[in-house]
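Chemist: Sequence:
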Amino acid sequence: MRYAMQLRDIEYMVTIADKQSFSQAAEALFISQPALSQSIKRLEEEIGVALFARKRKKVLLTRAGELFLQDARQILQLSSHLRTQMENVQSLKQGSLCIGMTPLFGRFYFAQAYNTFHALYPNVVITVQEQTSIALEHLLAAGKIDLALMPLPFVSNKFQYEEMVSEETFLAVPSDHRINRIMPHIPAGEFGRVDMAFFREDAFIMLYPGQRLRELGMDACRAAGFEPNIVFETSYVDSANALVAAGIGISFIPYMIFATRSDNGGAVYYHINGLNATRNLVAAYEDLHQLSPAAKAFIRIARDLLR
Numbered sequence: 001m002r003y004a005m006q007l008r009d010i011e012y013m014v015t016i017a018d019k020q021s022f023s024q025a026a027e028a029l030f031i032s033q034p035a036l037s038q039s040i041k042r043l044e045e046e047i048g049v050a051l052f053a054r055k056r057k058k059v060l061l062t063r064a065g066e067l068f069l070q071d072a073r074q075i076l077q078l079s080s081h082l083r084t085q086m087e088n089v090q091s092l093k094q095g096s097l098c099i100g101m102t103p104l105f106g107r108f109y110f111a112q113a114y115n116t117f118h119a120l121y122p123n124v125v126i127t128v129q130e131q132t133s134i135a136l137e138h139l140l141a142a143g144k145i146d147l148a149l150m151p152l153p154f155v156s157n158k159f160q161y162e163e164m165v166s167e168e169t170f171l172a173v174p175s176d177h178r179i180n181r182i183m184p185h186i187p188a189g190e191f192g193r194v195d196m197a198f199f200r201e202d203a204f205i206m207l208y209p210g211q212r213l214r215e216l217g218m219d220a221c222r223a224a225g226f227e228p229n230i231v232f233e234t235s236y237v238d239s240a241n242a243l244v245a246a247g248i249g250i251s252f253i254p255y256m257i258f259a260t261r262s263d264n265g266g267a268v269y270y271h272i273n274g275l276n277a278t279r280n281l282v283a284a285y286e287d288l289h290q291l292s293p294a295a296k297a298f299i300r301i302a303r304d305l306l307r
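Letter by letter, the sequence shown follows residues 1 to 307 of my numbering.
Rather than coming from a laboratory, the hints here were simulated on the basis of the structure.
Computed from a predicted model, the values in this text were never measured in an experiment.
Treat the hints loosely; a few may be bogus.
[To be verified] Dumping the calculated EDC-like pairs for lysine to aspartate or glutamate here, alpha-carbon to alpha-carbon at most 20 Å: (1) Lys41 to Asp71; (2) Lys144 to Glu286; (3) Lys296 to Glu286; (4) Lys296 to Glu162; (5) Lys41 to Glu11; (6) Lys55 to Asp71; (7) Lys55 to Asp18; (8) Lys144 to Asp287; (9) Lys158 to Asp195; (10) Lys19 to Asp71; (11) Lys296 to Asp202; (12) Lys158 to Glu190; (13) Lys19 to Glu66; (14) Lys58 to Glu44; (15) Lys55 to Glu66; (16) Lys58 to Glu27; (17) Lys57 to Asp18; (18) Lys57 to Glu27; (19) Lys55 to Glu44; (20) Lys158 to Glu286; (21) Lys41 to Glu27; (22) Lys158 to Asp287; (23) Lys144 to Glu130; (24) Lys58 to Asp18.
Starting from the given sequences, assemble the full structure and let the hints guide the process.
Modeler: Structure below.
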């Protein structure tokens with residue numbers, strides 16, 4: 001079996017050169033002198049040249065040994081630097097983290113988690129990509145982001161995830177919509193319930209394809225037996241909510257969008273009968289065991305803040 005040079009052998013060689021003595025080097029390295037001599041012998045056989053020459057009581061470098069020593073010191077310095085960097089990454093003293101997220105997650109949930117994380121680990125640099133759910137799956141699979149903050153379900157079954165928060169999606173209608181005139185009185189802070197079949201003739205405002213909220217809305221309409229008449233598409237739930245309030249059409253709006261506002265401009269919100277309208281927002285990744293310490297720390301912070 002062929003011998004392969006090891007970092008330990010390089011360290012042994014440098015120590016002998018510094019001490020100019022095998023016995024003193026062995027003492028400094030806490031190994032026996034025969035074991036040290038055998039290690040150097042294997043190293044010299046591997047590279048095909050003698051590194052040391054004995055003169056009187058000193059061990060001196062050969063010309064080849066002098067050349068070897070120059071690079072050997074650099075290798076040990078690089079090894080020490082690399083070890084320090086990895087220790088810093090492990091302890092979150094430095095590092096980087098690339099997070100992908102849907103616009104809704106960024107709008108309502110990301111800022112607090114980011115501020116808490118940055119306060120604890122100021123030298124870890126976070127970069128963010130805001131994309132649709134479909135695009136985030138592609139970025140995650142390609143290794144271009146470390147984790148994705150997005151709603152379930154996934155198109156791919158290759159991802160693992162940890163749940164962050166759940167929220168219900170409501171049907172939003174303009175204040176002058178006919179449903180509001182026939183609904184019984186609803187106490188303040190509560191929401192009425194509607195059947196989607198009632199809205200088959202309505203104009204719908206939808207998010208663009210590739211966004212989970214659009215898929216939920218399309219599924220709700222189809223379950224009621226019709227294809228929605230989509231009159232406007234947008235990338236942003238805030239825009240959809242504003243268009244509903246302006247009387248342009250009706251839309252599917254997550255609770256957090258209108259719960260955080262004192263005035264929603266006249267839009268009225270309803271639970272949807274017969275539909276599991278709860279969306280689970282998660283931190284998705286490919287393999288828990290391959291997550292960096294920074295990614296694990298961010299997930300822990302976000303989860304604790306949102307639950």
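Chemist: Each hint should be assessed against the structure and marked as holding or not.
Modeler: Evaluated hints:
1. A distance of roughly 19 Å separates the Cα atoms of Lys41 and Asp71; the hinted pair therefore holds under the 20 Å criterion.
2. For the hint linking Lys144 to Glu286, the alpha-carbon distance of about 12 Å falls within 20 Å, and the restraint holds.
3. This hinted pair checks out: Lys296 and Glu286 have alpha carbons roughly 13 Å apart, not beyond 20 Å.
4. Restraint check for Lys296 and Glu162: the C-alpha separation of about 11 Å stays at or below 20 Å, so the hint holds.
5. Note on Lys41 and Glu11: the hinted pairing holds, with a Cα-Cα distance of about 14 Å set against a maximum of 20 Å.
6. For the proposed pair Lys55 and Asp71, the alpha carbon gap of about 24 Å is over 20 Å, so the pair is violated.
7. Between Lys55 and Asp18 the alpha-carbon distance is near 16 Å, which keeps this suggested pair within the 20 Å criterion.
8. With a CA separation close to 14 Å, the supplied pair Lys144 and Asp287 stays within the 20 Å bound.
9. Proposed proximity of Lys158 and Asp195 is contradicted: the alpha carbons are some 35 Å apart, above 20 Å.
10. With a CA separation close to 18 Å, the supplied pair Lys19 and Asp71 stays within the 20 Å bound.
11. For the given pair, Lys296 sits about 45 Å from Asp202 by alpha-carbon distance, which is inconsistent with the 20 Å threshold.
12. Only pairs whose Cα atoms come within 20 Å are accepted, and Lys158 paired with Glu190 is rejected, the gap being roughly 39 Å.
13. Restraint check: the Cα-Cα separation between Lys19 and Glu66 comes to about 14 Å, which is no more than 20 Å; the hinted pair holds.
14. For the suggested pair Lys58 and Glu44, the alpha carbons sit about 19 Å apart, so the restraint of at most 20 Å is met.
15. With a C-alpha separation of about 16 Å, the suggested pairing of Lys55 with Glu66 holds against the 20 Å cut-off.
16. Restraint check for Lys58 and Glu27: the C-alpha separation of about 16 Å stays at or below 20 Å, so the hint holds.
17. For the hint linking Lys57 to Asp18, the alpha-carbon distance of about 15 Å falls within 20 Å, and the restraint holds.
18. As the CA atoms of Lys57 and Glu27 are separated by approximately 17 Å, the hinted pair is consistent with the 20 Å bound.
19. Distance restraint check for Lys55 and Glu44: the Cα-Cα separation of roughly 18 Å lies within the 20 Å cut-off, and the hinted pair is therefore satisfied.
20. As the CA atoms of Lys158 and Glu286 are separated by approximately 7 Å, the hinted pair is consistent with the 20 Å bound.
21. With a CA separation close to 18 Å, the supplied pair Lys41 and Glu27 stays within the 20 Å bound.
22. Between the alpha carbons of Lys158 and Asp287 the distance comes to roughly 9 Å, so the proposed pair stays at or under 20 Å and holds.
23. Between Lys144 and Glu130, the direct Cα distance comes to roughly 13 Å. Compliance with the 20 Å bound is thereby established for this hinted pair.
24. A distance of roughly 11 Å separates the Cα atoms of Lys58 and Asp18; the hinted pair therefore holds under the 20 Å criterion.
Violation of the numbered hints given earlier is confined to hints 6, 9, 11, 12; the remaining hints are satisfied by the structure.
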